[in-house]
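Peer 1: Each chain, written out:
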Amino acid sequence: MSDAYEVVIGLEVHAQLRTRTKMFCGCSTAFGAPPNTQTCPVCQGMPGTLPVINRRAVEFGIKTALAINCTVNADNRFARKHYYYPDMPKNYQISQYEEPLAEHGYLDIEVAGASRRIGIQRLHLEEDVGKLVHEGSLETAQSSQVDYNRAGVPLMEIVSMPDMRSPRRRPRI
Amino acid sequence: MPDSRSEAARSPRRHSLALKDVFCTRGVETTCGSKILKGFIPPYDATVVAKLRAAGGVLLGKLNMDEFAMGSSTENSAFFTTRNPWDLSRVPGGSSGGSAAAVAADLAAATLGTDTGGSIRQPAAFCGTAGLKPTYGRVSRFGLIAFASSLDQVGPFGKDVADAALMLQAIAGHDPMDSTSAPVPVPDYAAALSLGVKGLKVGIPDEYFIEGLDPEVEAAVRAAIATLEDLGAQTQRVSLPHTEYGLAAYYVIAPAEASSISRATTASSTGCACRGPAISSTCIRARAGAGFGAEVKRRVMLGTYALSAGYYDAYYGKAQKVRTLVLRDFQRAFELVDVIVAPTTPGVAFTMGERADPLQMYLNDVFTIPVNLAGLPGLSVLGGFTRTGLPIGLQLIGKAFDEATLLRTAKAYEGATRWRERKPELAA
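Top line first, the protein sequences correspond to chains A and B.
Residue 1 is where the first sequence starts when you use our numbering, and the numbers rise one by one after that.
Residue 174 is where the second sequence starts when you use our numbering, and the numbers rise one by one after that.
There may be inaccurate statements among the hints.
[Claimed, not checked] Dumping the calculated DSS-like pairs for lysine-lysine here, alpha-carbon to alpha-carbon at most 27 Å:
1) A:K81 to B:K491
2) B:K572 to A:K81
3) B:K224 to B:K211
4) B:K572 to B:K224
5) A:K81 to B:K470
6) A:K81 to A:K63
7) B:K491 to B:K596
Calculated from the structure, these hints are not laboratory results.
The structure displayed is predicted, hence computed values, not measured ones.
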């Protein structure tokens, strides 16, 4: 790579929170169940349903936020992120944009024997989407089937500042 | 029904009830007045439906409405028109037109509707029933197909105020399935009914008696105020100076919220019928194009525009600020008075097809919309008739979670008048 360019890396890490139930309903998050057996009107996005937040997911998010030195916001706001995709039953993902769970943290990592501080921009909570199962290969499939067992599983998204200058400096979380 | 019936006879157990088709009912098709939900059979009951079932109410069926509750005449239903029982050439109001007409025509003892900008109170006024929009958060919205989530509220229609109180008693209260339903204790509404209005401070808002108000409606409301004074209420003028901006703010906020919900509706329920690799956005667009009526498309476009990058602050952000000003108006007025009395609508039921211009239709909600913006309870009670025999609605507006004062005031007024003795010929 030419010396004219500087490598600048920031990370956006999506981690599943190991709760027993989903982010906004009481369905199980256990992996490997037969398709669409861990769903309900809420995580299928049926008309008329409303989300109720998972207390444990918030607690796990706060624990992580404190571990990476973030400021936890007293007021949190959830928002709908709209896009069309068949594995997302509501046509929007409930996520956080303004007023995320936590902000302004850091993580100290060791690079070649020296400590280096990587800024953490934010940590927020959101829900996962379902899973598409294509009949045949992606290019030739004439139909796809959707498994909503994963739809609504709690995720936290951790966004770092663009503080890394080499792939070797990626922190191990 | 005479007032002399016993309290036991007033239990929902004895009542045959019906629901606006906006509430999910387990195993019963729920269309929201839209072709796009034709064939949607929910696997669950809305919380209010479950509560009415638990109270022993007999659910007769579902009632017509404007598509996705967007409209003021029920003419926007994708399926058929509903007529006003007092004059079959006129609309019953909307969007809960079926709920009001069914009560007025004695087809059901009481019904449920929803009110986002007046959709309970305006049809109650047009059909001469009692109609109550509770405080935002008083009644669970779980299982109600949303129009605008920050404004929608579930409420009852009754032949009289006591029936509306009974229905509210059955559906009110916190629901763990709706995080916006408030953990506020629910009082005994039946007990409140007999308290009368002696010493009650009643506000009359200057901004609700404006040019364009039908003289017969104004005369009826002024007469009602005099009746309340005769009953011992103390009346005084109050000012709600931002009233005139409410309508404009509403027509940014409500479509903005609706634009999100409608996308959700197109995606779910009956599923996507398209086959092949391109199953996502093209298919959903095609379904939405064919499935939605003109008014829904208009509002979704308005709302999407208002929320788009670069316009968000100018429209949605500004409208939210106006909303705060409207709420502050009410808060200041309620430092002086216990309840506000005003017309429900500027005019009475109009003829079918008369208001083809959407803006003319929107103006109909000018006195009801500010109450939704402020999240307060509002009640429309039969306040008289025009010379031609059309009902006139008297609107009472209360403090947050103070439905009891509205019911008590309306009941006292109802007891001092004989309007309820009149019935449409249809139901005689």
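Peer 1: For each hint, tell me whether it holds in the structure or not.
Peer 2: Hints, verified against the model:
The hinted pair formed by K81 of chain A and K491 of chain B meets the criterion: a straight-line CA distance of about 21 Å does not exceed 27 Å. The hinted pair formed by K572 of chain B and K81 of chain A fails the criterion: a straight-line CA distance of about 35 Å is larger than 27 Å. About 25 Å separates the Cα atoms of K224 of chain B and K211 of chain B, which keeps this hinted pair within 27 Å; it holds. At roughly 25 Å between alpha-carbon atoms, K572 of chain B and K224 of chain B fall within 27 Å of each other, so this suggested pair holds.
Taking the CA atoms of K81 of chain A and K470 of chain B, the gap is about 20 Å. The hint holds against a cut of 27 Å. Only pairs whose Cα atoms come within 27 Å are accepted, and K81 of chain A paired with K63 of chain A is accepted, the gap being roughly 25 Å. Between K491 of chain B and K596 of chain B the CA atoms are separated by roughly 45 Å; this puts the pair beyond 27 Å, and the hint is violated.
Violation of the numbered hints given earlier is confined to hints 2 and 7; the remaining hints are satisfied by the structure.
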